[in-house]
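Each protein sequence line maps, in turn, to chains A, B and C.
Those letters in the first sequence? Residues 1 to 141, per my numbering, in order.
Those letters in the second sequence? Residues 142 to 309, per my numbering, in order.
Those letters in the third sequence? Residues 310 to 432, per my numbering, in order.
Hints were generated in silico from the structure; no laboratory data involved.
Just to be clear, a hint being listed does not mean it is correct.
What the hints assert, rightly or not - Here are some chain B residues the structure puts well away from chain A; computed CB gaps all over 10 angstroms:
(1) Thr145
(2) Phe156
(3) Val160
(4) Leu161
(5) Leu164
(6) Ala175
(7) Val179
(8) Ser223
(9) Leu236
(10) His247
(11) Arg260
(12) Thr280
Claimed, not checked - Each pair of labels, with its calculated beta carbon distance range:
(13) B:His249 to C:Gly412: 53 to 61 angstroms
(14) A:Leu87 to B:Asn154: 36 to 44 angstroms
(15) C:Thr396 to A:Leu56: 45 to 53 angstroms
(16) B:Thr285 to A:Trp66: 18 to 26 angstroms
(17) B:Phe167 to A:Leu19: 16 to 24 angstroms
(18) B:Val250 to A:Tyr93: 39 to 47 angstroms
(19) A:Phe21 to B:Ala224: 41 to 49 angstroms
(20) B:Asp257 to A:Leu101: 44 to 52 angstroms
(21) C:Val376 to B:Thr285: 14 to 22 angstroms
(22) A:Leu101 to B:Val250: 41 to 49 angstroms
(23) C:Arg406 to A:Arg8: 28 to 36 angstroms
Everything numeric in this text was worked out from a predicted model, so none of it was measured.
Glycine included, each C-beta is placed from N, C-alpha and C at the ideal position.
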Amino acid sequence: MKHDLVLRVVAKVFLPFILLFALYVQFHGDFGPGGGFQAGVIIAAAIIFYALIYGLENARRVVPEWLVERMMAAGVLVYAGVGVAGLLLGGNYLDYFVLDLDPVHGQHRGIFWVEVGVAITVSGVMLKIFYMFADRGTPEQ
Amino acid sequence: MAVTVIVLARSRNLFAVVVLGSLYSFLMATVLVALDAVDVAMTEASVGAGISTVLLLGALYLCKSEEAKPLHRPWLPLVVASACGLVLVYGTIGLPAFSDPAAPIHAHVVPRYLNDALRETGVPNVVTAVLASYRGYDTLGETTVVFTAGAGVIALLRRRRDRKEQKK
Amino acid sequence: MNVAGHFSYAVTIFLMVAGLFIVIARGNLIKKLVGLGIFQTSVYMLYIAPGKLIGGTAPIVSEAFRVYSNPLPHVLILTAIVVGVATLALGLALVVRIRETYGGIEEDEILAADRQEDEASPS
Chain A
1 MKHDLVLRVV
11 AKVFLPFILL
21 FALYVQFHGD
31 FGPGGGFQAG
41 VIIAAAIIFY
51 ALIYGLENAR
61 RVVPEWLVER
71 MMAAGVLVYA
81 GVGVAGLLLG
91 GNYLDYFVLD
101 LDPVHGQHRG
111 IFWVEVGVAI
121 TVSGVMLKIF
131 YMFADRGTPE
141 Q
Chain B
142 MAVTVIVLAR
152 SRNLFAVVVL
162 GSLYSFLMAT
172 VLVALDAVDV
182 AMTEASVGAG
192 ISTVLLLGAL
202 YLCKSEEAKP
212 LHRPWLPLVV
222 ASACGLVLVY
232 GTIGLPAFSD
242 PAAPIHAHVV
252 PRYLNDALRE
262 TGVPNVVTAV
272 LASYRGYDTL
282 GETTVVFTAG
292 AGVIALLRRR
302 RDRKEQKK
Chain C
310 MNVAGHFSYA
320 VTIFLMVAGL
330 FIVIARGNLI
340 KKLVGLGIFQ
350 TSVYMLYIAP
360 GKLIGGTAPI
370 VSEAFRVYSN
380 PLPHVLILTA
390 IVVGVATLAL
400 GLALVVRIRE
410 TYGGIEEDEI
420 LAADRQEDEA
430 SPS
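Please model the complete structure; the sequences and the hints are all you need to start from.
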């Protein structure tokens with residue numbers, strides 16, 4: 001597919017918008033539909049799209065394997081870390097209102113970081129699974 | 142959607158099955174929007190029609206086969222499935238009718254979520270507020286499940302080169 | 310009981326039965342997984358349909374609306390969808406490994422191959 005000019009140009013034009021839309025869905029999830037899961041899946045879909053058009057090797061260069069594996073674990077750790085931060089600041093585990101002087105602001109902060117953690121893990125896992133499936137089919141060179 | 146499912150059940154070409162599954166997911170997402178479940182519709186469209194289809198196509202590429210012709214007509218499973226369906230119909234007779242405001246689902250904890258979510262969390266999207274704040278533990282568990290699935294797939298599909306030579 | 314009021318349940322039950330039929334009646338493993346997915350989506354509908362209030366709107370609090378559909382099932386189903394795709398991914402990984410070990414993904418072929426192996430080497 002890398003020899004098809006129309007696909008390559010269209011992909012190059014669309015990809016930033018897809019990623020921007022994913023960020024929009026992530027951060028605007030408080031005010032409209034959206035949130036961490038949808039944003040994570042859209043990010044993974046954008047990179048899979050890139051991999052389909054430009055080839056797995058190029059996608060591996062842009063988002064290398066070690067980055068994806070770290071992302072998988074980092075998201076869960078961010079989520080658990082927010083919980084531990086709640087513990088350290090005086091409340092129970094995963095209490096958000098202690099995260100700031102104003103409890104409502106603390107809730108907002110907690111929700112923000114939690115959604116970021118979810119998006120990182122979901123996008124990492126989806127991308128890693130795609131890499132594994134796509135890699136299995138290519139014979140050893 | 143019923144037509145899609147019936148064609149899917151009868152089709153033997155696996156590629157057609159996967160594409161019909163994706164079509165079914167999109168139709169389901171549309172129905173969910175009609176039911177006012179916008180977050181769920183977005184997730185179902187992106188996950189069901191997007192990621193599921195990609196994974197199924199990837200697995201199909203690795204497996205490369207078409208479904209064999211069934212040896213015998215599936216009467217027993219049809220009877221079993223229909224019997225389950227009849228039992229379910231009997232079970233749902235007592236359930237509240239569609240859009241009944243007096244149903245118990247609207248009574249207990251939901252008014253508190255709807256009335257207090259904006260005031261307590263500062264987030265207008267009640268679904269996000271409940272998911273991330275009121276029921277945050279469940280979302281932590283779910284994130285762990287997703288991570289475990291990724292780890293499981295890595296464990297299953299990792300040792301590629303030496304295993305492929307030992308295949309019968 | 311009125312039929313129109315229970316139409317959503319009828320659709321749910323039909324999809325559930327269809328998904329169940331595909332899982333138990335078809336031998337191809339990938340088709341079984343797709344049938345399982347159909348079964349799962351019927352369960353989503355089972356949860357979300359009773360939450361809808363005619364005349365209500367999506368559960369995003371704003372000044373312009375006063376009646377909202379129930380947000381609680383949405384939360385549960387959001388989790389369920391993501392867990393569903395996680396199990397689908399694991400199931401597909403297993404199917405790929407089965408294919409590499411047995412050479413096919415039809416249920417009867419796999420069972421026959423297993424039976425042959427048991428008869429050949431009773432250990």
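To see whether the hints hold, each was checked on the structure:
no. : hint                                     : in the structure
1   : Thr145                                   : holds (22 angstroms)
2   : Phe156                                   : holds (15 angstroms)
3   : Val160                                   : holds (16 angstroms)
4   : Leu161                                   : holds (20 angstroms)
5   : Leu164                                   : holds (17 angstroms)
6   : Ala175                                   : holds (14 angstroms)
7   : Val179                                   : violated (4 angstroms)
8   : Ser223                                   : holds (36 angstroms)
9   : Leu236                                   : holds (27 angstroms)
10  : His247                                   : holds (21 angstroms)
11  : Arg260                                   : violated (8 angstroms)
12  : Thr280                                   : violated (7 angstroms)
13  : B:His249 to C:Gly412: 53 to 61 angstroms : holds (54 angstroms)
14  : A:Leu87 to B:Asn154: 36 to 44 angstroms  : violated (55 angstroms)
15  : C:Thr396 to A:Leu56: 45 to 53 angstroms  : violated (25 angstroms)
16  : B:Thr285 to A:Trp66: 18 to 26 angstroms  : holds (21 angstroms)
17  : B:Phe167 to A:Leu19: 16 to 24 angstroms  : holds (22 angstroms)
18  : B:Val250 to A:Tyr93: 39 to 47 angstroms  : violated (21 angstroms)
19  : A:Phe21 to B:Ala224: 41 to 49 angstroms  : holds (46 angstroms)
20  : B:Asp257 to A:Leu101: 44 to 52 angstroms : violated (21 angstroms)
21  : C:Val376 to B:Thr285: 14 to 22 angstroms : violated (36 angstroms)
22  : A:Leu101 to B:Val250: 41 to 49 angstroms : violated (29 angstroms)
23  : C:Arg406 to A:Arg8: 28 to 36 angstroms   : holds (35 angstroms)
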